[in-house]
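> Let the sequences and hints guide you as you build the complete structure.
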Amino acid sequence: MDHKISPSPKMAAELIAENDDLLTGLILLRLPEKSLMRFKSVSKRWQSLISSPHFAAAHTNHHHHRRRRRGRILPSFILGTAAQPPEFFYFNPNTGVFLPYTFEHPHTKILQSSHGLLLLECRNPRLGFPRVHYRVYNPTTRKSRKVEFDEYEGRLAWIWGLSLSFDPSISPYYKLICTRRPNFYSTLWIEIYHSETDTWQHITGVEINYTPIHDLQYWAGISCNDGLYWIRPGSKSYRFDVQTRHLEEMSAIKFPWGEPDSSSGNNNYIVESDGNAHCVCTYFGYKNKYLIVYELSPDRDTGWVEKYWADLNPVSEATGLCLRLVGIIMRGDKEVDSSVLLHAPGMIIRYWFWVKRFEVLCNFTSSTIYKKDEFQFKTKFCYQFIESLAPV
Amino acid sequence: MAAETRTPTTLTLKSNDGKQFSVAESAAILSVTIRNMVEDGCAGGVIPLVNVDGKTLARVITYMNGISAIPGVGAAADEEKKKSYRDKFLSDMDFETLADMVLAANYLNMSCLMDAVSAKIAQVMEKKSVGWVRRKFGIENDYTPEEEAAVKEEHKWTFEGVETDDDN
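The listed protein sequences correspond, in order, to chains A and B. Using the numbering used here, the first residue of the first sequence is number 1, and each one after it goes up by one. Using the numbering used here, the first residue of the second sequence is number 1, and each one after it goes up by one.
It cannot be assumed that every hint is accurate.
Claimed, not checked - Below, in silico cross-link-like pairs of lysine to aspartate or glutamate (EDC-like), each with a Cα-Cα straight-line distance of 16 Å or less:
(1) A:K44 / B:E154
(2) A:K372 / A:E335
(3) A:K44 / B:E146
(4) A:K380 / A:E121
(5) B:K128 / B:E163
(6) B:K156 / A:E104
(7) A:K44 / B:E163
(8) A:K44 / B:D142
(9) B:K136 / A:E104
(10) A:K143 / B:E154
(11) A:K307 / A:E317
(12) A:K372 / A:D337
Said to hold, decoys possible - Pair ranges (Cβ atoms, derived):
(13) A:R142 / B:K19: 47 to 57 Å
(14) B:D115 / A:L99: 49 to 59 Å
(15) A:R232 / B:P71: 57 to 67 Å
(16) B:D115 / A:T102: 32 to 42 Å
Note that these hints are calculated values from the structure, not bench results. Computed from a predicted structure; not experimentally measured. Ideal Cβ positions, reconstructed from N, Cα and C, are used throughout, including at glycine.
Following this line, the structure appears as C-alpha cells:
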C-alpha cells in the first residue's frame with residue numbers, strides 16, 4: 001500500500017476509490033446489500049467490483065454474523081398473485097414499500113426461499129420439451145443459474161423432488177438436494193449438488209424404507225441450521241443431514257385443536273424463520289379466526305412445541321371478514337417483535353403475538369391488482385426475501 | 001501488551017507534512033505498524049509515518065491515549081468501555097474526516113479502529129444517493145444515459161428511501 005503523495009493532495013476518499021483493494025475492503029464489504037445494488041449505478045468499475053463472484057462470497061461471509069443478530073430489521077417478502085402466470089410484488093414490512101417485481105422468465109413459480117436464495121420453477125410457455133426447468137436465483141443481485149441434472153442411461157430419470165440447502169452462517173455456497181428414481185423398480189436415490197464445485201454427488205445407499213409412490217414428494221424442503229426438513233403435517237416428515245447424508249424420520253406435529261383441514265377453510269403452512277422450522281395452522285372460519293404457530297425445537301427430542309396462539313377476530317373485524325397468511329417473522333432475540341403478516345383484500349397487516357396488537361402496513365387498494373372482496377395474493381406464493389449477495 | 005522491564009518510553013511520531021508528536025510507547029504500539037518499527041530499532045529516533053498527515057495523526061494520537069487509558073477490569077467490561085469510547089470519538093466526524101481516519105488506521109494497522117471507522121462510514125453512506133457517492137469519491141460517471149437507466153431499472157427497489165441529493 002505505498003502510494004506517493006501527489007503535489008496537490010487528493011482527498012482520502014478519492015485515494016480509496018483509486019485502489020480496488022482499499023475500496024472493497026474498507027468500504028464496499030461493509031455496506032448492506034441494498035446500498036450495494038444501488039451503487040452499481042455509480043460507475044462501470046463499481047458495477048464490476050460489486051458484481052464479482054469473489055466479492056459476493058466475501059461479503060456473504062462477512063455479513064453472516066449480522067444475520068444472527070438482526071435487531072429490528074425484518075426480512076422483506078416477495079408476494080405472488082393467483083393470476084396465471086402469477087405477478088409478483090416486493091414488500092418491505094419495515095418501510096411499507098410495495099413495488100412490482102419481475103423475474104427474467106415470465107412463467108416463474110417460486111418453490112422455496114432459503115436465507116436469501118430462491119429456487120424457481122420456470123415453465124416453457126410454448127408447448128415443447130422440456131416443459132420446465134429449475135433455477136437457483138438471488139433476488140437481490142438478480143443473478144440466476146439453471147439447474148443441470150445428470151442423465152442416466154441417456155435420459156433424465158424421474159425427478160421426485162428438488163430442494164435448496166443454503167445457510168450463509170455455514171457457507172456462502174449452496175447445495176441442491178434432488179430425489180430421483182432412475183426407473184420404476186428402484187428405490188429412491190438422493191443426489192446432492194455442490195455449487196462450490198459445480199458437481200453432483202450420488203447417494204444410493206441411503207437408508208429409507210421403500211414407500212408407495214404417492215407418499216414421496218420431496219419438494220419444498222426447509223433449510224435450517226442443521227439440515228433439510230421435509231415436513232408434511234399429518235404425514236411422515238423427514239430430516240436430512242446434508243453433511244452426514246443421514247435421513248431420519250421426525251416426530252409428528254400434535255395439533256391440540258384438531259388437525260387443520262383445508263375443506264373447512266383451515267390450513268397449515270411450513271415456513272422457516274430465524275433459523276427454525278415453524279408450522280403455522282390457520283383456523284379461518286366464518287365466525288372465528290385464529291392461528292397457532294408451532295416451532296420445531298432445535299433439541300430434536302422435544303419435537304414440536306406450540307409457540308403462539310393468536311385470536312385474530314379483532315383484526316378481521318377491523319379490516320374486513322377475510323384474512324390470509326403471508327408469512328411469519330420470528331425473532332428469537334426480541335420476542336416482542338415476533339409477529340405474523342396477514343393479507344386482507346387490498347392490504348397487508350402485521351399482528352404482534354406478544355402485545356396482541358396489529359397495524360396495517362400497506363394499503364394497495366389503488367393498485368391495478370386490487371379487486372374488492374377478493375384476495376390478491378396466495379399464501380403459497382409468498383416468500384421471504386432476505387438481502388444477500390450470495391453467488392449462484 | 002507484554003510486560004516490559006524497562007522504564008516507559010516516549011516515541012516521536014512524524015507526519016508526512018513534517019509535524020512531530022510525542023506519544024507514550026504503550027499507547028503508540030496500538031498501531032502494529034509502529035510496533036514493528038520499534039522492534040526493528042527505530043525507538044531511538046523519530047518514527048516517520050509517510051501516509052498520515054499532521055491533522056489526522058493528532059486525532060489518531062488522541063484515540064491511542066484515550067483507549068490505552070481505559071483501565072482493564074474484566075475483558076467484557078473493557079470491551080464495552082472501549083466500544084463506547086470509539087463511538088463517541090467518531091460521533092462528530094464528517095465524511096471527509098472519517099475517510100482520512102480509515103486510511104490512517106489501515107496504514108497504521110489498527111484493526112479495532114479501522115473496523116469501527118469502516119462501520120461508521122457504511123452507516124453514513126447507506127442511504128445516500130448515487131450522485132453523492134460520485135461527488136465524495138471523485139468518480140466520473142462512465143455510463144451512457146441508456147446504460148444507466150437499465151441498471152437503475154434492474155434494481156428499482158433499492159432507490160426507495162434514499163436521501164435526496166443536496167449540494168453539501
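> Checking one constraint from the list: CA of A:K44 to CA of B:E146, max 16 Å. Satisfied?
holds (13 Å)
> Is B:K136 close enough to A:E104, meaning Cα to Cα at most 16 Å?
With Cα atoms ~34 Å apart, B:K136 and A:E104 exceed 16 Å; violated.
> Are B:D115 and A:T102 spaced within 32 to 42 Å by their CB atoms?
Given about 38 Å between the Cβ atoms, the range holds.
> Check whether the Cα positions of A:K372 and A:E335 lie no farther apart than 16 Å.
violated (35 Å)
> When you check the alpha-carbon spacing of A:K44 and B:E163, does it fall within 16 Å?
Violated. A:K44 to B:E163 sits at ~22 Å, over the 16 Å cutoff.
> Could you say whether the range 49 to 59 Å given as a hint is met by the Cβ separation of B:D115 and A:L99?
violated (34 Å)
> Please verify whether A:K380 and A:E121 have alpha carbons no more than 16 Å apart.
With Cα atoms ~14 Å apart, A:K380 and A:E121 stay inside 16 Å; holds.
> Are the Cα atoms of B:K128 and B:E163 separated by 16 Å or less?
holds (5 Å)
> Going straight from one Cα to the other, do A:K307 and A:E317 come out at no more than 16 Å?
violated (24 Å)
> Within 16 Å, alpha carbon to alpha carbon, are A:K372 and A:D337?
Violated, at roughly 31 Å.
> Can you confirm whether the C-alpha distance between A:K44 and B:D142 stays at or below 16 Å?
Holds. A:K44 to B:D142 sits at ~6 Å (cutoff 16 Å).
> Would the pair A:K44 and B:E154 pass a check requiring their Cα atoms to be no farther apart than 16 Å?
This hinted pair holds, its Cα atoms lying about 15 Å apart.
Figure legend: structure checked against the earlier numbered hints; hints not met, in rising order: 2, 7, 9, 11, 12, 14.
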